[in-house]
Amino acid sequence: MARVQAEMFDVGAEFAAFTHGRSDLGGVVSFVGLTRDFSGDATVHKLELEHYPGMTERQLNDIERQAVTQFTLQAAKIIHRYGILLPSEAIVLVMAAAPHRAAAFEGCWFMIDWLKTKAPFWKREHRSDGSFWLEAKASDDLAAARWARG
Amino acid sequence: MARVQAEMFDVGAEFAAFTHGRSDLGGVVSFVGLTRDFSGDATVHKLELEHYPGMTERQLNDIERQAVTQFTLQAAKIIHRYGILLPSEAIVLVMAAAPHRAAAFEGCWFMIDWLKTKAPFWKREHRSDGSFWLEAKASDDLAAARWARG
Amino acid sequence: MDQQITVLYFAWIKSELGKTSDQITLPASVGDVAGLVSLLAKKGSPYAEVFARRDKIWVAINQNRAEWAQPLHAGDEVAFFPPVTGG
Amino acid sequence: MDQQITVLYFAWIKSELGKTSDQITLPASVGDVAGLVSLLAKKGSPYAEVFARRDKIWVAINQNRAEWAQPLHAGDEVAFFPPVTGG
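Protein chains in written order, with this note's numbering: chain A, 1 to 150; chain B, 1001 to 1150; chain C, 2001 to 2087; chain D, 3001 to 3087.
Just so you know, these hints were derived from the structure itself, not from any lab.
Just so you know, not all the hints are guaranteed correct.
Said to hold, decoys possible - Dumping the calculated DMTMM-like pairs for lysine to aspartate or glutamate here, alpha-carbon to alpha-carbon at most 25 Å:
| # | chain 1 | residue 1 | chain 2 | residue 2 |
| --- | --- | --- | --- | --- |
| 1 | B | LYS1137 | B | ASP1037 |
| 2 | B | LYS1118 | D | GLU3077 |
| 3 | D | LYS3056 | B | GLU1014 |
| 4 | C | LYS2043 | C | ASP2055 |
| 5 | A | LYS118 | A | GLU106 |
| 6 | A | LYS46 | C | GLU2016 |
| 7 | B | LYS1137 | A | GLU135 |
| 8 | C | LYS2056 | C | ASP2022 |
| 9 | B | LYS1118 | D | ASP3055 |
Said to hold, decoys possible - Quick list of the computed label-pair ranges, beta carbon to beta carbon:
| # | chain 1 | residue 1 | chain 2 | residue 2 | range |
| --- | --- | --- | --- | --- | --- |
| 10 | A | GLY26 | D | LYS3019 | 58 to 64 Å |
| 11 | A | GLY12 | B | ASP1037 | 19 to 25 Å |
| 12 | B | ARG1146 | C | LYS2043 | 32 to 38 Å |
| 13 | B | HIS1100 | A | ARG58 | 23 to 29 Å |
Treat the numbers as computed from the prediction; the structure is a model and nothing was measured.
All residues carry an ideal CB built from backbone N, CA and C; glycine is no exception.
Pulled out of the complex, with its shape left as it was, chain A reads as follows (with noise of 0.2 Å):
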């Protein structure tokens, strides 16, 4: 089950979790987002991350459940802050777990191009020259694209 959740993560103690009691996992891939402290020339005070709740635990879940079937993953696990967020501090932390490690990376790989197109998550960021709600990527429009089945 994904989480959506203003709070920091720790990422060595969500790691422990996902792993707990488990002897039968081959390797676990994870990625983690973090905030920046600059945006082209301007510097970032802040990042504020606007989500839709209810809709966002939805779809992320359905990445999981879809990363999970596709990937024949052991375990999958997404967790996204909401809020404000200083600089360094972690956004998000996507796990993936399989016998093997081409598994691994794949379906981690996917959950966060997924997440990156389909959840509910608008960032603005708080710089130097003003705030600005971000534009969607279309590289990340792309990635997302590679993953779908043929």
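Please build the complex by placing chains B, C and D on the supplied structure of chain A, with the hints as guidance.
Structure of chains B, C and D alone, referenced to chain A:
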């Protein structure tokens, strides 16, 4: 710098150290390889990892450097254990940081694939049916060959 | 028969409208998302300006992504938001 | 002139030889890895059996992977080991 050690490592502490003081990292991809309690139909009681001290560190540092160059990583780190490991213990941790997630995924995947064919480690399974040195897998050679530069 | 729906706004749409939601009573002549958008645009500024940019707006009905031609029903939760930028 | 080298063994090679290393004095007639392997194989059991499987054995000279034709020099550290299985 890569690290080779007999002691268990704490994934959370290593992640924190890897990202500490950095507000310029976009994403971090990690791979953790775990010990399983079975091999085919046999129960694995423990895994023994022998290595070639000196050459191991040299090879792992080479792999880190190669990954940083080839995928323009912001940071790369390999931690690998040797000695006796029990089921569910972590064998290896590979981390790659990059401004964009594709480079972090590719850099991390490259490092574990190369490590599996270049770093002088040998696994011996202590199983319900005896103790066996593992044979290298052709699939690992194929995985590593994918990354060769054209 | 008139239909009551809830309309939610997110991100810049919310910022520009200065609100997070509306309760809308759909006249019988409005049966789909496109009709709702036209109705909202007729409310004048700032709705007109926001919904003039409909190529930059996504819609969800009851928390599922939907198309402009999708029909609406009483009690629906309709959300308008920009392309997502999480992760 | 005779050359003194250190030879290291790992994994099943170490297990079957029952030792982790040898100090070998190379006769002048032995100049490369292939020559060293022939010399070791002539030491009889268990060396003969181990080095009969040379297609399953990798070599490193001074901690760098090497080929069978690579020349040896006094003071070299030569290691024989199976294909690696870490990670």
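Do the hints match the structure? See the list:
1. A distance of roughly 19 Å separates the Cα atoms of LYS1137 of chain B and ASP1037 of chain B; the hinted pair therefore holds under the 25 Å criterion.
2. Restraint check for LYS1118 of chain B and GLU3077 of chain D: satisfied, since their Cα atoms lie roughly 18 Å apart, inside the 25 Å limit.
3. Pair hint LYS3056 of chain D plus GLU1014 of chain B does not hold up; C-alpha atoms about 36 Å apart against a cutoff of 25 Å.
4. Taking the CA atoms of LYS2043 of chain C and ASP2055 of chain C, the gap is near 19 Å; set against the 25 Å cutoff, the hint holds.
5. Between the alpha carbons of LYS118 of chain A and GLU106 of chain A the distance comes to roughly 18 Å, so the proposed pair stays at or under 25 Å and holds.
6. With a C-alpha separation of about 21 Å, the suggested pair LYS46 of chain A and GLU2016 of chain C falls inside the 25 Å cut-off, and the hint holds.
7. Distance restraint check for LYS1137 of chain B and GLU135 of chain A: the Cα-Cα separation of roughly 45 Å exceeds the 25 Å cut-off, and the hinted pair is therefore not satisfied.
8. The suggested pairing of LYS2056 of chain C with ASP2022 of chain C holds, with an alpha-carbon distance near 20 Å, which does not exceed 25 Å.
9. In summary, the hint linking LYS1118 of chain B to ASP3055 of chain D is supported, as the alpha carbons are separated by about 17 Å, within the 25 Å threshold.
10. Remark: the range hint 58 to 64 Å for GLY26 of chain A to LYS3019 of chain D is contradicted by a beta-carbon distance near 34 Å.
11. Separation of GLY12 of chain A from ASP1037 of chain B is about 23 Å and conforms to the stated range, judged on CB atoms against 19 to 25 Å.
12. Under the hint 32 to 38 Å, the C-beta atoms of ARG1146 of chain B and LYS2043 of chain C, about 57 Å apart, miss the expected range.
13. At about 28 Å, the CB distance of HIS1100 of chain B to ARG58 of chain A agrees with the hint of 23 to 29 Å.
Checked against the numbered hints listed earlier, the structure breaks hints 3, 7, 10, 12; every other hint is satisfied.
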